[in-house]
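Starting from the given sequences, assemble the full structure and let the hints guide the process.
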Amino acid sequence: MSRTTIETVDPATGRPLATYEAMDAVRVEAAVERAHAAARAWARVPVAERAARVAALARTLRTHRDHLARLTVTEMGKPVGEAEGEVDKSALTAEYYATHGPGILADEPVTVDGDVDGEVDGDGDVDGAEAWVAYEPAGLILAVMPWNFPVWQVMRFAIPSLTAGNGVLLKHASNVTGSAFALQSLFVEAGFPAHLVTALVLADTDVPETTARLIADDRIAAVTLTGSNRAGAAVGAAAGRAAKKSVLELGGSDAFVVLDDADIEKAAAAAVRARFTNSGQSCVCAKRFIVAEPVADAFTTAFVRRVERLRIGAPQDRTTEIGPLARDDLRAAIQRQTKESVAAGARLLTGGEPLPGDGCFFRPTVLADTAPGMPAFDEETFGPLAALAVARDDDDAVRLAEATPYGLGLSVWTADPARGVALARRVTTGAAFVNAIVASDPRLPFGGTKRSGHGRELAAAGIREFTNARTYWVAR
Numbered sequence: 001m002s003r004t005t006i007e008t009v010d011p012a013t014g015r016p017l018a019t020y021e022a023m024d025a026v027r028v029e030a031a032v033e034r035a036h037a038a039a040r041a042w043a044r045v046p047v048a049e050r051a052a053r054v055a056a057l058a059r060t061l062r063t064h065r066d067h068l069a070r071l072t073v074t075e076m077g078k079p080v081g082e083a084e085g086e087v088d089k090s091a092l093t094a095e096y097y098a099t100h101g102p103g104i105l106a107d108e109p110v111t112v113d114g115d116v117d118g119e120v121d122g123d124g125d126v127d128g129a130e131a132w133v134a135y136e137p138a139g140l141i142l143a144v145m146p147w148n149f150p151v152w153q154v155m156r157f158a159i160p161s162l163t164a165g166n167g168v169l170l171k172h173a174s175n176v177t178g179s180a181f182a183l184q185s186l187f188v189e190a191g192f193p194a195h196l197v198t199a200l201v202l203a204d205t206d207v208p209e210t211t212a213r214l215i216a217d218d219r220i221a222a223v224t225l226t227g228s229n230r231a232g233a234a235v236g237a238a239a240g241r242a243a244k245k246s247v248l249e250l251g252g253s254d255a256f257v258v259l260d261d262a263d264i265e266k267a268a269a270a271a272v273r274a275r276f277t278n279s280g281q282s283c284v285c286a287k288r289f290i291v292a293e294p295v296a297d298a299f300t301t302a303f304v305r306r307v308e309r310l311r312i313g314a315p316q317d318r319t320t321e322i323g324p325l326a327r328d329d330l331r332a333a334i335q336r337q338t339k340e341s342v343a344a345g346a347r348l349l350t351g352g353e354p355l356p357g358d359g360c361f362f363r364p365t366v367l368a369d370t371a372p373g374m375p376a377f378d379e380e381t382f383g384p385l386a387a388l389a390v391a392r393d394d395d396d397a398v399r400l401a402e403a404t405p406y407g408l409g410l411s412v413w414t415a416d417p418a419r420g421v422a423l424a425r426r427v428t429t430g431a432a433f434v435n436a437i438v439a440s441d442p443r444l445p446f447g448g449t450k451r452s453g454h455g456r457e458l459a460a461a462g463i464r465e466f467t468n469a470r471t472y473w474v475a476r
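When the letters of the sequence shown are read in order and numbered with the UniProt record's numbering, they come out as residues 1 to 476.
Worth flagging that the hints you see were computed from the coordinates, not collected in a lab. In this text, a Cβ means the ideal position worked out from N, Cα and C, and glycines have one as well. Some clues are possibly wrong.
Heads up, simulated SDA-like pairs for lysine to any residue below, C-alpha to C-alpha not over 20 angstroms straight-line [claimed, not checked]:
| # | residue 1 | residue 2 |
| --- | --- | --- |
| 1 | Lys245 | Ala234 |
| 2 | Lys89 | Lys339 |
| 3 | Lys266 | Glu321 |
| 4 | Lys244 | Thr210 |
| 5 | Lys245 | Leu349 |
| 6 | Lys450 | Ala298 |
| 7 | Lys89 | Ala58 |
| 8 | Lys266 | Gly236 |
| 9 | Lys245 | Thr471 |
| 10 | Lys339 | Leu349 |
| 11 | Lys266 | Ala298 |
Label pairs and their calculated CB-CB ranges [unchecked claim]:
| # | residue 1 | residue 2 | range |
| --- | --- | --- | --- |
| 12 | Ala269 | Ala30 | 49 to 57 angstroms |
| 13 | Pro372 | Val474 | 56 to 64 angstroms |
| 14 | Val474 | Ala269 | 52 to 60 angstroms |
| 15 | Thr205 | Arg392 | 45 to 53 angstroms |
| 16 | Arg425 | Gly373 | 20 to 28 angstroms |
| 17 | Arg230 | Glu353 | 22 to 30 angstroms |
| 18 | Arg399 | His454 | 21 to 29 angstroms |
Right, here's the structure in full:
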């Protein structure tokens, strides 16, 4: 392993923030051993007590809201209001699981009075037997997390997993290392045992080999990753070799479909929010806007007008709506996707270039006449770039929405909700929203299909993903 340092940088100014020493193999081993021991002890803690700690976590999150938001603003450039919202959502999720987690994890009795064939396998006697399903802790879970939601992405996984009785070994993105350490301390302050949530700090060059080695380690029970397809393929393959559970959330190219009976002004306003939240750096941002031909001109006009009003500026400024991209290579990727799409026939309606001066700023960009075969339509665009396409009718809208290897979310806008649901059923995604922006909610499962990954987070499905659904049969 490399022995090096990690430097975090403010993407709004380009100035260094802090330097951290990356862990070598000896320190990683010590961290894993401590985390494994903490997870084994935590698994024996009654679920009611675990839920009480999660409730305390919600209070602790709110106490440290300003500090966590400030870290997010400075490390990855999120506008401050959105950064605060990220912490608030995490606290609400903690409250949800503190209240509902014990019930979701409760033993489920199963009636076994008689077998469907009139017999029972094995030597057990059906008469008088009791059976139930228990949801028991899996163990220590390796979590490889991204930078775009430094607090929420971690909490979205960690809160239900800790409620379920597991430990968390966190490999956060290197550019938000300060946030990783802040969250590690936050869990201890909320009353969780030391080392139950352990942050690993790895040199970027060491991540692939170290991650694969950890997944193969018998002390690691399972792995979850939110990130790129390339990283997901590597982690999924490693988990498969080790015969271990994995949950992968690998991004998306969500379609935002506007049908010919939609309220155009309302849809356009929602479309701007759906695309440009977090400066466009979100897996569930709408990225491809598929608009019915009769309303395409009206929608385009309304959409571009609102995009050009977006305020670009320092993320600490509460009036800022678009901050910098988190890294300069991300800005370069958006510029490439824009140029190549225009060269392939797309029309640039607004934006399309970096802002001069310091920081990783890029003008909010809208491309019209996009289609399959263009980077802005085919690839995940992780920044302030919107691709518009025109659909002849509902069938054509389905064709365009399905013309992607991704399958995370879908948003459909129409005056007839039944029509919207009918269209949504023809498009493969992990979530479908009608007359609403795609979003995650602790009460509902979240996850993707196709190249957007597999497994679910949040709700009952998310807390049970990393449990052993264990069958009990007790004969008298």
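Now for the hints, and whether the structure bears them out:
1. Taken as a hint, the Lys245 and Ala234 pair is honoured in the structure, with Cα atoms around 14 angstroms apart against an allowance of 20 angstroms.
2. Annotation: proposed proximity of Lys89 to Lys339 is violated, straight-line Cα distance about 36 angstroms (limit 20 angstroms).
3. Restraint check for Lys266 and Glu321: the C-alpha separation of about 19 angstroms stays at or below 20 angstroms, so the hint holds.
4. Of the pairs offered as hints, the one joining Lys244 and Thr210 holds, with about 16 angstroms between alpha carbons and a cut-off of 20 angstroms not exceeded.
5. A hinted pair counts as satisfied when its Cα atoms are at most 20 angstroms apart, and Lys245 with Leu349 does not qualify at roughly 45 angstroms.
6. A distance of roughly 33 angstroms separates the Cα atoms of Lys450 and Ala298; the hinted pair therefore is violated under the 20 angstroms criterion.
7. With a CA separation close to 10 angstroms, the supplied pair Lys89 and Ala58 stays within the 20 angstroms bound.
8. Annotation: proposed proximity of Lys266 to Gly236 is violated, straight-line Cα distance about 40 angstroms (limit 20 angstroms).
9. Taken as a hint, the Lys245 and Thr471 pair is honoured in the structure, with Cα atoms around 18 angstroms apart against an allowance of 20 angstroms.
10. Straight-line distance between C-alpha atoms of Lys339 and Leu349 comes to about 13 angstroms, which keeps the hinted pair within the 20 angstroms bound.
11. Simply put, Lys266 and Ala298 have alpha-carbon atoms about 12 angstroms apart, close enough for the 20 angstroms limit, and the pair holds.
12. Between Ala269 and Ala30 the C-beta distance comes to about 52 angstroms, which sits within the given range of 49 to 57 angstroms.
13. With their beta carbons about 57 angstroms apart, Pro372 and Val474 fall inside the hinted range of 56 to 64 angstroms.
14. For the pair Val474 and Ala269, the supplied restraint of 52 to 60 angstroms holds, since their beta-carbon distance comes to about 58 angstroms.
15. Checked against the hint of 45 to 53 angstroms, the C-beta distance between Thr205 and Arg392 comes to roughly 49 angstroms, which is consistent with it.
16. Between Arg425 and Gly373 the C-beta distance comes to about 27 angstroms, which sits within the given range of 20 to 28 angstroms.
17. The hint said 22 to 30 angstroms for the Cβ distance between Arg230 and Glu353, and at roughly 28 angstroms that hint holds.
18. Between Arg399 and His454 the beta carbon distance is about 25 angstroms. The supplied range of 21 to 29 angstroms therefore holds.
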